[in-house]
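S.K.: Residue numbers (the working numbering), protein chains in the order written: chain A, 1 to 286; chain B, 1001 to 1434; chain C, 2001 to 2312.
Honestly, the hints are just simulated from the structure, not real lab data. Hints may contain errors.
If you want the footprint, here are the derived chain C segments under chain B, 3+ residues with CB under 8 Å [said to hold, decoys possible]: (1) 2064-2077; (2) 2260-2267.
Computed spacing ranges between beta-carbons, pair by pair [what the hints assert, rightly or not]: (3) V61/A <-> R1123/B: 32 to 42 Å; (4) P2068/C <-> K1183/B: 52 to 62 Å; (5) V2106/C <-> L262/A: 26 to 36 Å; (6) T2176/C <-> T1220/B: 30 to 40 Å; (7) F2094/C <-> Q1166/B: 28 to 38 Å; (8) G1185/B <-> E2084/C: 52 to 62 Å.
Since the structure is predicted, the reported quantities are computational estimates derived from the model, not experimental observations. The beta carbon of each residue, even a glycine, is placed where N, CA and C say it ideally should be.
What follows is the residue order along each chain.
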Amino acid sequence: MNVGVRSRGARIRSAVFGYANMIPFIAFALFPFYYMVITSLKKDAELYNLKAVPFLIQTGVITDHYRYLFFKTEFLTWMKNSLIISVVATSVSLVIAILAGYSLARLRYRGVGTFGTAVFITYLVPPTLLFLPLSQVVVWLGISDTIWALIVTYPTFLVPFSTWLLMGYFRTIPREVEECALVDGASRMQTLCRIVLPMAVPGIVCVTLFGFTLTWNEFTYALTFVSQTANKTAVVGVTADLIRGDIYYWGSLMAGAVVASLPIVIIYVWFLDYYVSGLTAGAVKG
Amino acid sequence: MSSGINRRRFLKTSAGALAGTSSMFLERAPAIAQKRELTFLTFNHFVPASDDELRRQAEVFAKQAGVTVRVDTIQGPQLFAKRAAQAASQSGHDLIVTGAADPFLYEQQLVDMGDLAAYLGDRYGGWYPFARDTCQTASGWRAVPWFWVAFPGCYNEVQFKKAGVQPPKTWDDLLKVGKILKKQGNPVGIPISHCTDANISFWSILWCNGGKVLETDGKTPAINSDKAAQVVEWYKELYRDAMEPEVLSWDNASNNRFLLSGKGSWIHNAISPYVAAVEKKMPIADEINHHNSPGGPAGIHSATGVNSLAIWKFSKNISLAKDFIKFLYQKENYDSFIVGGSAFNQPPLKRFAEHPIWASHPKYAMLPKEAEYVHEQGWPAKPNAAVQLIVVNFILPDIVAKAINGMPTKRALAWGEDQIRLAAQGKLETKGKT
Amino acid sequence: MAIGERALEATELARPSRLARVREWWEQEHVFGYSLIVPALALIVGLVAYPFGMAIYFSLSDYWVGSPGQFIGLRNFWEILGNEIFQQTVYNTFVFALIAVAFKTVLGVWLAMLLFRDFKFKRLIRGAVLLPWVIPTALSVLAWGWMFDSLYSVVNWTAIHLGLINPPGPNWLGLTGYAVTAVIAVNVWRGLPFFAIIVLAGLVSIPREYYEAAEVDGAGSWGRFRHVTLPLLKPVLAVVILFSTIFTFSDFNIVQVLTRGGPVNTTHLFATLAYQIGLTGGNLGQGAAVSLFLFPLLGAFVFLQLRYIRRE
């Protein structure tokens, strides 16, 4: 963002300052993950040795915990379920939220404010006990104990959130752009799809990422609406099979956490780079 | 008009994806149509072999009865949400595992098991009274006891020998030997925190000292007594001189690790640390042994958890589920279930307790004796809704924790009494009054 | 392409078919506006309104897990108000939310500014910083529990070996002050990326000309931040603070895994207490009352915040 003419010294100073600042953040963010990886590769005997150095693996790297995860549990099935559920639920929610968000942010009609508030208020509904009545609805719909139970219910918490986030982004797009398009004879739908959406890409990427993460990590509905091992999601499956009474399978649990987060990390890194660097160039100029 | 093509392509692919997922969902339908399916929800046993054995038996039963049996296992604490959701939606498994107050909480939702309880009781030497109490509500048996878990003393023989002390016979003994052991660098441990084990130990110690939490009526608080005050004082001394502050943060797994790490010399727990150590071939297994739960001036009493089997009223397979339960209790099946669970699954029926696994294994030999003095939490009251609230709100360990943090014992007990009154106030109205 | 499109529409307008009339109707601002929110409203009415109504009914009845209750008015609310554990929980929740959101706001904006710069290993670093948000909470919190374990705490091990504390070091999850700190730290760890990324998207959309103009006016980097970045970020910040506050108020996993409300209820939050009373305890009515207690207050807060956002 240093556009103006600045001395080389100032630029170097600013770079050093930037990196130095980044280090604590990275350490804070990464350490638990590092610790999970280490734990998943350690022998149990070393893990439970009070004299061992917790940071390191001193008695050899083992893959037993991963092997247990992949071959003794149905981890791959759970991952597949999580993937299907997250992709479908997020996409559906995204479409609904784009429509609603655009309507609430841009169009003027009676009741628009009330609708906006209503959408938001749903987000305030405390989720703790909501799953009980919702489980009735799931049974009425005849989809209990299938992955559809989750695909159908996840948009309930994704849509309000996504709508509001998108409203924020739609508002940053100058009205004149749309008005020009309308004056040129484009229909409203065309304006939305061809003019507004391309300009809201950062917002859409943001919402997609968050929606995907929220569904991927969701726990309560996934636990209560689905019982069969074959239909479980990764998070529920891992905790249901690897925490047994007062015995924790630490190694495999952490292995599960690592493997379950990798696909999203990759998507994130790829998308983020695209939307941050692709758009700084100035797609959002007024 | 590239967007048109895109849109069409999108529609096509999304329709394809939709069809794909829905066909996946429909695939199972024919299988259900062909055979009746009995479903059973239970917690995952901490000894995986126990679950394997259960599934094997389910398989055998399925073949005999010409049905399919599905056993779903989840983590124990997750069962609360699961049961509540199934009761709310009137749909779910046929057979579920219950514990503590569940037969009372779900009294109206569960099938009467009186016939089955009588049949099994007659056949196998009768039910232990403590097991019966957890299933027999005012309106009859709402579950049948499946297995219970003993809570003996688990200790490190080598460290005890080194300190020149004997396993404690009473809680006062524990205080004495604990002081010596802590000086040796091997403290003892009873959790004083928000976890199940903290509750179980408190009930045991209180009973041994002649105290109680609730009167027999199940609603009058009885915690604010001199006996309870003595117990709190005892806890304070134990905490100060024989334990370390870590007990304030423990969960159910922490005391296991404490013993298995070689640091801790004694814990009050199920035999799971030993079983896990043997299973994982940890050298410390040789050093661990068990002794009967300690006693006190009022005799020996120990709290237990009884796991029971119940059938939802909304189930469409009630009689099939009852047949399955009968099958699980056939002598040879129950015997192999005990073996599968490495002696952890203790039978609620007296005849099954004669299993050789206990007599033949010196470290388990004392376990059947525990049946003589265990009670479900809440005793002398029934494990009703008020007891459940007292237990899950961790009121009892919190009384101790408050006293340890400096609150005068009397005030801590008064706080507890207040909380217990609140818990009993919102008591569930039971329908079938006797 | 645009010309072709217009030509097409012009010919359609020339012969007024039924289709064109429908289209004209649909082009009206209010019709179009209503039709776009129909799917969202259908979802909310179908899948949120009923459960929410039931939750409210739970809170006004003596409903237990296994037995539908009767209407008892506000008695559950009175009862929990008089309960010391609930009072403690209210206090905890506010302390927890205030501190956690304050940390997340400051650190989040800071982190977003750092991520916005051009630097080497950009992909890797951005990915790394995002990790906490990505790892399934139910599992990552377990790892934190292990890091704060009373016996095997890597936090204490490190501090002891750096000579910062004396062995055995604090009992993180067993002493009130430490337990609250631990719970807040994990919440900040997890929520920070959410904050940073949304703010980053906001930064991206600030036109560069503004900075250039500010620089021409001789503003330093602090001046640019204060007079350009911050005012333009306000709408995005308002939304993200709002969401973060709600997330934080309804946090469940962290406390449930790390402390289950202990030591002596000093880390209980609304969600964990509601779960404890309503589900594990079976008193659904009271549990629902606990979880809904804050709803009017949060509602008012949101209402004000929304009005502010709309005016911006």
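S.K.: Each hint should be assessed against the structure and marked as holding or not.
M.R.: Hint-by-hint comparison with the structure:
{"no.": "1", "hint": "2064-2077", "verdict": "holds (count 4)"}
{"no.": "2", "hint": "2260-2267", "verdict": "holds (count 6)"}
{"no.": "3", "hint": "V61/A <-> R1123/B: 32 to 42 Å", "verdict": "violated (54 Å)"}
{"no.": "4", "hint": "P2068/C <-> K1183/B: 52 to 62 Å", "verdict": "holds (58 Å)"}
{"no.": "5", "hint": "V2106/C <-> L262/A: 26 to 36 Å", "verdict": "holds (30 Å)"}
{"no.": "6", "hint": "T2176/C <-> T1220/B: 30 to 40 Å", "verdict": "holds (32 Å)"}
{"no.": "7", "hint": "F2094/C <-> Q1166/B: 28 to 38 Å", "verdict": "violated (52 Å)"}
{"no.": "8", "hint": "G1185/B <-> E2084/C: 52 to 62 Å", "verdict": "violated (39 Å)"}
Hint compliance for this structure: hints 3, 7 and 8 are broken, all remaining hints hold.
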